[in-house]
Structures are given as C-alpha cells and as structure tokens.
Amino acid sequence: MTELAVEATGLTKYFEAFQAVDHVTLKVPAGSIYGVLGPNGAGKTTSLRMTLGIIDPDEGTSRLLGGHKPQAVRHRIGYLPEERGLYPGMKAREAIAFMGALRGLDWSEGRRRAATFMTELGLERVIDEKIRKMSKGMAQMVQLIGSIVHAPDLIVLDEPFSGLDPVNQERLEMLVRRERDRGATILFSTHVMAHAERLCDRLAIIARSQRRFEGTVDEARALLPMQVRYTPREQGEAVAALLPAGAEHKGEAWHFAIEENDVEPLLARITASGHGVAGLSIARPALHDAFVHIVRQVDAGFDATPQADAVEEAAA
Amino acid sequence: MNAFLKNMLVIARRDFLAIVATPTFLLFLLAPLFMVGMGAVGGLGASQLADSARGKGRIVAIVDPADVEALRQADARLRGALSGGERPVMLDVRAAGPDAPDPLVIAREKGSDTYAVLSGPLESPRIIERNEGSSSGRYLALLAADVLRDRAAGPVAPVEPRFEAITSGGTSIAAQQSLGFGAVFAIFLMTLLLAGQTVSSMAEEKGNKVIEILAAAVPLESVFLGKLLGMLGVAILFIAFWSVIAVGGGFVAATQIDPAAIAAAGKPAAALAVAPASGWGFFFGISICYFVMAFLLLGAVFLGIGAQASTVREIQMLSLPITIFQVGMFSLSAAAASAPGSDLARFAQIFPFSSPFAMAARAATDGAHGIHPLALGWQAIWVAAVVYLSVRLFRAGVLSSGSGWKFWKKARPVAAAAAAASAAAESPSTH
Numbered sequence: 001m002t003e004l005a006v007e008a009t010g011l012t013k014y015f016e017a018f019q020a021v022d023h024v025t026l027k028v029p030a031g032s033i034y035g036v037l038g039p040n041g042a043g044k045t046t047s048l049r050m051t052l053g054i055i056d057p058d059e060g061t062s063r064l065l066g067g068h069k070p071q072a073v074r075h076r077i078g079y080l081p082e083e084r085g086l087y088p089g090m091k092a093r094e095a096i097a098f099m100g101a102l103r104g105l106d107w108s109e110g111r112r113r114a115a116t117f118m119t120e121l122g123l124e125r126v127i128d129e130k131i132r133k134m135s136k137g138m139a140q141m142v143q144l145i146g147s148i149v150h151a152p153d154l155i156v157l158d159e160p161f162s163g164l165d166p167v168n169q170e171r172l173e174m175l176v177r178r179e180r181d182r183g184a185t186i187l188f189s190t191h192v193m194a195h196a197e198r199l200c201d202r203l204a205i206i207a208r209s210q211r212r213f214e215g216t217v218d219e220a221r222a223l224l225p226m227q228v229r230y231t232p233r234e235q236g237e238a239v240a241a242l243l244p245a246g247a248e249h250k251g252e253a254w255h256f257a258i259e260e261n262d263v264e265p266l267l268a269r270i271t272a273s274g275h276g277v278a279g280l281s282i283a284r285p286a287l288h289d290a291f292v293h294i295v296r297q298v299d300a301g302f303d304a305t306p307q308a309d310a311v312e313e314a315a316a
Numbered sequence: 317m318n319a320f321l322k323n324m325l326v327i328a329r330r331d332f333l334a335i336v337a338t339p340t341f342l343l344f345l346l347a348p349l350f351m352v353g354m355g356a357v358g359g360l361g362a363s364q365l366a367d368s369a370r371g372k373g374r375i376v377a378i379v380d381p382a383d384v385e386a387l388r389q390a391d392a393r394l395r396g397a398l399s400g401g402e403r404p405v406m407l408d409v410r411a412a413g414p415d416a417p418d419p420l421v422i423a424r425e426k427g428s429d430t431y432a433v434l435s436g437p438l439e440s441p442r443i444i445e446r447n448e449g450s451s452s453g454r455y456l457a458l459l460a461a462d463v464l465r466d467r468a469a470g471p472v473a474p475v476e477p478r479f480e481a482i483t484s485g486g487t488s489i490a491a492q493q494s495l496g497f498g499a500v501f502a503i504f505l506m507t508l509l510l511a512g513q514t515v516s517s518m519a520e521e522k523g524n525k526v527i528e529i530l531a532a533a534v535p536l537e538s539v540f541l542g543k544l545l546g547m548l549g550v551a552i553l554f555i556a557f558w559s560v561i562a563v564g565g566g567f568v569a570a571t572q573i574d575p576a577a578i579a580a581a582g583k584p585a586a587a588l589a590v591a592p593a594s595g596w597g598f599f600f601g602i603s604i605c606y607f608v609m610a611f612l613l614l615g616a617v618f619l620g621i622g623a624q625a626s627t628v629r630e631i632q633m634l635s636l637p638i639t640i641f642q643v644g645m646f647s648l649s650a651a652a653a654s655a656p657g658s659d660l661a662r663f664a665q666i667f668p669f670s671s672p673f674a675m676a677a678r679a680a681t682d683g684a685h686g687i688h689p690l691a692l693g694w695q696a697i698w699v700a701a702v703v704y705l706s707v708r709l710f711r712a713g714v715l716s717s718g719s720g721w722k723f724w725k726k727a728r729p730v731a732a733a734a735a736a737a738s739a740a741a742e743s744p745s746t747h
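Heads up: the sequence lines are chains E and S, in that order. So in our numbering, the last spot in the first sequence is 316, and the numbers never skip. So in our numbering, the last spot in the second sequence is 747, and the numbers never skip.
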C-alpha cells in the first residue's frame with residue numbers, strides 16, 4: 001500500500017450558508033507531485049487551507065505525513081499561500097531566514113540557505129534588497145524559497161505560477177522537480193493546465209465545491225475520445241458513411257471524435273473505400289480539453305462526482 | 317527550548333527589530349523630549365507672566381518719617397515668617413508730608429498694581445484697598461500694629477530660636493498614599509503611551525497578507541504573545557533609555573553642584589525619608605513587575621480588539637474607546653490608592669485590568685510582600701485568558717475558521733443544511 005503524505009477525507013466548509021467545499025477527499029502519495037485543478041472559486045484554496053489546518057473544516061479530517069494532525073507537523077511543511085505576503089521592510093535574505101525560523105530552522109542556517117537558493121535561481125543580486133524594492137515576480141520567488149528553505153517533507157503551493165514570467169515559471173518547475181527528487185511531496189493548485197500536465201504524477205479536479213476527478217494525467221486525458229481531422233483526396237457523398245455519426249464537414253476536412261480502439265478499423269475503411277487521404281491527423285486530447293470537458297459538464301448540471309460517471313459520459 | 321516559546325521569540329524578534337530599526341523609532345524615542353520642551357516653553361512663558369505680574373504689584377504705606385525705618389523692619393520680620401503665596405507683594409514706604417500725594421491718586425497710579433495704600437496716623441490709619449477685605453490691607457494693618465507695639469515696649473533683646481527637624485519617626489500615611497498614587501500614575505502614563513500601540517500591531521500582517529504564512533507555520537497564540545512581547549521589548553527599551561538619561565543627567569548635575577549647597581538644602585534627604593510601607597527596593601521592583609503585567613494585560617486586550625479591525629479607519633475608531641478604558645482603569649485605581657483597605661481598593665486589586673495599578677498602590681501603603689506573587693499570578697492567568705480568547709475570535713472572525721466557538725461549529729452546518737434543503741425544495745436537484 002502506498003504511503004500517503006496527505007490524507008484529507010470528506011473536507012467540508014461552509015461560509016455562512018454558502019458551501020465552499022463539499023466533501024472533498026485528497027489522498028496524495030508520498031514523494032509525488034500532486035495537482036489540484038479547478039476553475040476560479042471552485043474551492044481549491046479553501047481545501048488546501050483545511051488540509052493544512054489553517055482553517056478548521058466543518059466536516060472531515062486531515063492527516064499529514066504519516067497520520068499526524070496538521071498542527072503537529074507544521075515544521076515539516078512548506079506553504080506558499082495564494083495571497084502572497086512578505087514584510088516589505090525586510091531584506092530578501094532576512095525574509096527567507098525568518099520564514100525558516102518560523103519552521104524551526106536556525107537563523108544563521110536560514111541565511112546561508114537563502115544565499116544558496118537565490119544564487120541557484122539567479123536572484124543573487126537582490127539578496128540584500130528590501131522586498132518593497134523588488135518586482136512582484138521576484139518577491140514571489142523569495143516567498144517560494146522561504147517556503148522550502150527548511151527542507152520540508154510536504155510542500156503545498158497555492159497557485160504558485162500565477163504572476164511569474166515564463167523564465168521564472170520554468171525555474172519554478174525545475175525547483176518543484178528537484179524538491180520531489182529530494183524526497184518531498186508536492187501538492188499544488190493551479191488552473192493553468194500546461195504546468196499540471198508537465199509536472200503532476202496525479203491530480204484532482206475540483207469544480208463547484210466538489211472533487212470531480214482523481215487520477216493521473218493520462219487517465220484524465222482518456223476521459224475524452226481522440227480528435228480526428230480527415231481530408232479525403234476525392235470528395236463525395238459516400239465519405240460521410242465511412243465516418244462515425246456526428247462527423248462535421250468544414251471546408252475540405254471532416255472533424256470527428258473517435259475512441260482509441262476504433263482507429264485501426266477506421267483507417268482500414270478509408271483505405272478500402274478508395275477516397276484516398278489528402279490529410280489526416282489523429283490527436284489525443286490535452287489535459288486542458290479534459291479539464292474544460294469536466295467543468296462544462298458540471299456547469300451544465302451533469303453529476304460527474306465519481307470518476308466512473310465522467311468516463312461513462314465520455315464514452316457515451 | 318520549547319517550540320512554542322521559540323516561535324514566540326521569532327515573532328517577538330521580528331516585531332522588535334521592525335520597530336526599532338527604523339528612523340521613525342528615533343522620533344518615538346525622543347518624543348518625551350519634545351513633550352518636556354513644549355512644557356518648559358509653556359511653563360517659562362507662564363512663569364515670566366506671573367513674575368512680571370508679581371513684580372508690578374505693590375502695597376504702599378505713607379507714614380510719619382520717624383516711623384519709616386520701624387515699618388521697614390517690621391515688614392522684614394513678618395515677611396520672613398511667610399512663604400510662597402502667603403508672602404505679600406512688595407512694600408513701598410513713603411514719608412508723609414505736605415507734598416505727599418493723595419492716597420487715592422497713588423492707588424490709581426499707572427504702571428503697577430497697587431493693592432492697598434496706608435496713610436494717616438498708625439493708631440488709626442486709613443487703608444484704601446483695591447479689593448474689599450484683601451490680605452494686603454490686613455497686612456498693612458498688622459505692620460502698623462507691630463510698629464506701635466515696638467514703640468510701646470521699647471527695645472527688646474532679639475529672640476534666638478533653636479530649630480530642630482524631626483528626622484525619624486516614619487512616613488505619614490498621606491505620604492505613602494501619595495507614593496501609591498504616584499505609582500498608579502506612572503504605570504498608567506507608560507501604558508497609555510506604549511500599550512495602546514498594540515492595537516494596530518496585527519494590521520501589518522493582515523495588510524501584507526503575512527498572517528496566512530504565520531497561521532500555517534506557528535500556533536496563533538504564539539503569534540499574539542510574540543507580538544506582545546516584541547512591543548513590551550520596545551516599551552522597556554524606551555523606559556530604559558529615559559531612565560539612563562535621567563540617572564546620568566542627575567549624576568552629572570550632582571557633580572556640578574557644590575556639595576555644601578546640597579547638604580544645606582537638605583531636600584534630597586528629606587525626600588528619601590518618605591518611604592513606602594514595603595520598602596523602596598521592593599516597591600520599585602514590584603512596580604516594574606506591575607508595569608509589565610499592566611502592559612501585557614491591556615496590550616493583549618488592545619491587540620485582540622485591533623486584530624478584529626479590517627481597516628486603518630476601524631483601528632482609528634477604536635482608539636477612543638481604548639483610551640477611555642485605560643482612563644477608567646486609572647480612575648478606579650487612583651480612587652483605590654486614596655482609600656487603602658476599603659472595599660473599592662479590594663475590588664480594584666481583584667479586577668484584572670485595574671489589578672496591576674491598584675496592587676502597585678497597595679505596595680506603598682501595605683508592608684506585606686506575600687500577596688504580590690499571588691496578584692502577579694492572577695494577572696498572568698488573565699493575560700493568557702485574553703490571548704486565548706483573542707485567538708479564538710481571530711480564527712473565527714478573520715480567518716473565517718469555524719473553530720472559534722463550539723456552538724458555532726455545530727450551528728453552521730445545520731443552518732447551511734437547512735438552507736440547502738430549502739433551495740432543493742425550490743429547484744430540481746442536479747445530483
């Protein structure tokens with residue numbers, strides 16, 4: 001059985017009468033990179049806050065790093081909140097050492113590690129600069145370093161890529177992978193699918209306060225059929241009969257979705273028909289497509305709570 | 317070191333340095349200098365005005381030339397027995413004669429305030445007063461009587477009194493009560509100046525969004541206590557700075573003054589002869605302890621209230637009720653200091669927020685030492701209780717966590733479930 005770094009079960013939170021999170025369960029294997037995906041206002045941040053014990057759930061429990069209550073293992077956790085916060089009057093080195101000291105790291109060791117991290121990330125020129133003089137992106141990198149300076153076992157990053165330029169986004173991805181290689185578990189939220197697709201071992205999609213999907217990136221992508229674009233060499237009425245129902249004719253090309261198992265039979269039919277192939281592309285859907293599909297289903301009122309439902313719908 | 321204490325010290329260190337290592341702190345540190353300076357300028361002006369007014373006031377005696385010298389001597393004798401405000405204004409003695417001006421004209425002369433004018437024979441003088449029944453007029457009559465008595469008795473041997481001061485015999489209750497009031501006032505003034513600042517202490521973390529980092533990393537109790545400790549450090553630095561200045565200044569001043577003059581004045585020795593019932597050393601030490609407790613208690617209340625405020629405007633609005641609360645505690649304690657042993661004093665000593673003030677006053681009038689550790693413990697319990705309550709309120713209100721109150725925790729899902737059920741009844745469910 002896989003050891004879990006995060007085991008949050010049935011997390012539920014009400015803000016007055018509004019239910020922000022509805023029985024969300026997150027089970028993050030130790031040593032993995034786990035993404036929590038969802039549209040704005042889905043309940044990602046509240047779920048993470050409850051997971052870390054910053055706010056208490058109205059229902060559900062959270063156990064971290066071997067079944068401990070979050071408060072008992074604070075010093076083993078690194079957290080980058082969605083709302084970035086640093087003392088503007090502090091220098092970067094001191095800010096990082098301070099955040100490390102909060103988690104039990106010695107001040108002098110914190111300063112030493114701050115210098116190492118900032119040099120690695122190409123930020124050494126601003127190490128003794130006050131936060132208020134830094135750009136937003138730089139300050140965010142400082143805060144990120146502050147959240148991992150004490151070498152935590154669990155790193156929770158809430159929307160870590162927002163506000164970063166592409167170069168810093170790449171640096172952050174590198175940092176996340178390196179921390180995972182060190183042995184840490186990374187749990188992060190985002191609504192930018194490209195990062196999740198490149199980084200995540202597993203992910204959960206939250207929409208309208210509930211978890212709607214849990215699995216690997218490939219499993220998410222497999223929720224949708226493959227997308228085909230076919231341009232016959234010879235156009236004719238008979239082409240439509242070769243293709244699945246619902247195929248759309250736009251210009252010279254036909255567009256339709258197809259299950260993975262049906263690819264070879266389709267190719268055989270096209271070849272046998274003699275219509276020829278002027279152009280053909282068969283593409284797996286991206287995580288982005290799966291995400292949009294799930295969220296749209298939820299928005300349309302489709303109950304996709306269990307993963308099986310989503311698969312069934314995709315198949316249908 | 318315990319993790320909680322370590323966290324608390326990390327927060328305290330950050331807050332302390334954030335306040336002290338700024339140019340603004342210098343302004344804060346030197347603020348009393350401005351206060352003293354402004355007070356001195358105002359006082360000097362008022363004093364000059366008073367001196368000027370006093371210098372221009374006079375009483376006039378127009379007497380037979382033979383009595384001029386006797387009248388002057390009588391004035392010197394009587395004036396020496398009076399002090400301060402009792403001492404009459406300057407006496408202007410003029411010889412009577414055919415060319416002497418009319419007393420009414422003298423009384424109305426411009427350039428000085430003439431309070432009374434005596435003229436005519438000393439046995440039945442005519443005294444013109446500016447204000448009816450004034451002491452100036454009575455003084456002139458007294459001088460006339462003294463001169464007449466001297467004249468009747470003839471020359472007598474000068475009295476050679478031997479004055480002896482009581483140097484021992486204990487401090488009076490009134491003096492000890494004054495000391496008690498002094499302690500109450502000093503602690504009140506310092507907490508008024510310093511503890512009130514804690515009200516805006518959490519505003520920085522909320523404004524900079526650092527609070528979530530702190531809440532995730534350490535218990536909120538250690539954040540609150542750390543902030544309180546940091547502010548206390550600033551307060552102690554402030555007091556230590558001015559204490560060193562005062563002691564150093566006093567020492568330098570003492571070396572500049574002739575020791576004989578100090579001995580002759582005898583006032584420092586007299587001041588030290590006034591002793592609190594518990595002894596100077598204990599009284600001084602316990603007063604410092606009570607200042608710390610007063611700071612922590614009131615600071616914790618203000619910190620807790622301020623933490624609930626979401627805008628600077630709200631914090632500003634809170635300043636007035638906070639100041640009124642402090643003044644209320646001061647008034648209660650001051651009343652207790654003036655009535656030691658009364659029910660009011662006992663109440664003020666037990667009521668947690670006036671207890672540090674009232675107990676400091678008690679140390680001035682009551683020699684018992686054993687009660688003070690108990691009082692400090694009682695006050696410490698209340699500091700912990702206030703911090704605990706503040707954290708619950710902060711979690712419930714500001715962090716929107718449901719853990720503030722148990723009944724909230726239970727009531728919310730029930731209310732929400734009821735709302736959801738009602739919504740479900742109105743529209744078809746999608747689940």
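These aren't lab readings, by the way, just hints derived from the structure by calculation. Wrong hints could be hidden among the right ones.
[What the hints assert, rightly or not] Derived coverage of chain E by chain S (criterion: at least 3 residues anywhere in the stretch with Cβ under 8 Å from a Cβ of chain S; other residues may be distant):
| no. | segment |
| --- | --- |
| 1 | 218-224 |
| 2 | 248-257 |
| 3 | 277-291 |
[As the list claims (entries may be wrong)] To give an idea of the chain S side of the interface with chain E (calculated C-beta under 8 Å), a few residues:
| no. | residue |
| --- | --- |
| 4 | Asn323 |
| 5 | Gly359 |
| 6 | Arg454 |
| 7 | Leu458 |
| 8 | Ala531 |
All figures in this text were calculated on a predicted structure; none of them were measured in a lab. By construction, the Cβ of each residue, glycine as well, lies at the ideal position given by its N, Cα and C atoms.
| request: Against chain E, run the beta carbon of Gly359 (chain S) and see if the smallest gap drops under 8 Å. | output: Violated. Min distance 39 Å.
| query | In terms of beta carbon proximity below 8 Å, does the segment 277-291 of chain E have 3 or more residues touching chain S? | reply | violated (count 0)
| query | Taking the least C-beta to C-beta distance, is Leu458 (chain S) closer than 8 Å to chain E? | reply | Violated. Min distance 72 Å.
| query | Taking the closest Cβ pair, is Ala531 (chain S) under 8 Å from chain E? | reply | holds (5 Å)
| task | Closer than 8 Å between Cβ atoms is the bar; does Asn323 (chain S) clear it against chain E? Give me holds or violated. | result | Asn323 (chain S) check passes; min Cβ-Cβ to chain E is 7 Å, inside 8 Å.
| query | Does Arg454 (chain S) pass the interface check with chain E, least Cβ-Cβ distance below 8 Å? | reply | violated (69 Å)
| request: Count the residues of the segment 248-257 of chain E whose CB lies closer than 8 Å to any CB of chain S, then report whether that count reaches three. | output: violated (count 0)
| For the segment 218-224 of chain E, do three or more residues have a beta carbon lying closer than 8 Å to a beta carbon of chain S? | violated (count 0)
Hints 1, 2, 3, 5, 6 and 7 from the list above are not met by this structure, while the remaining hints are.
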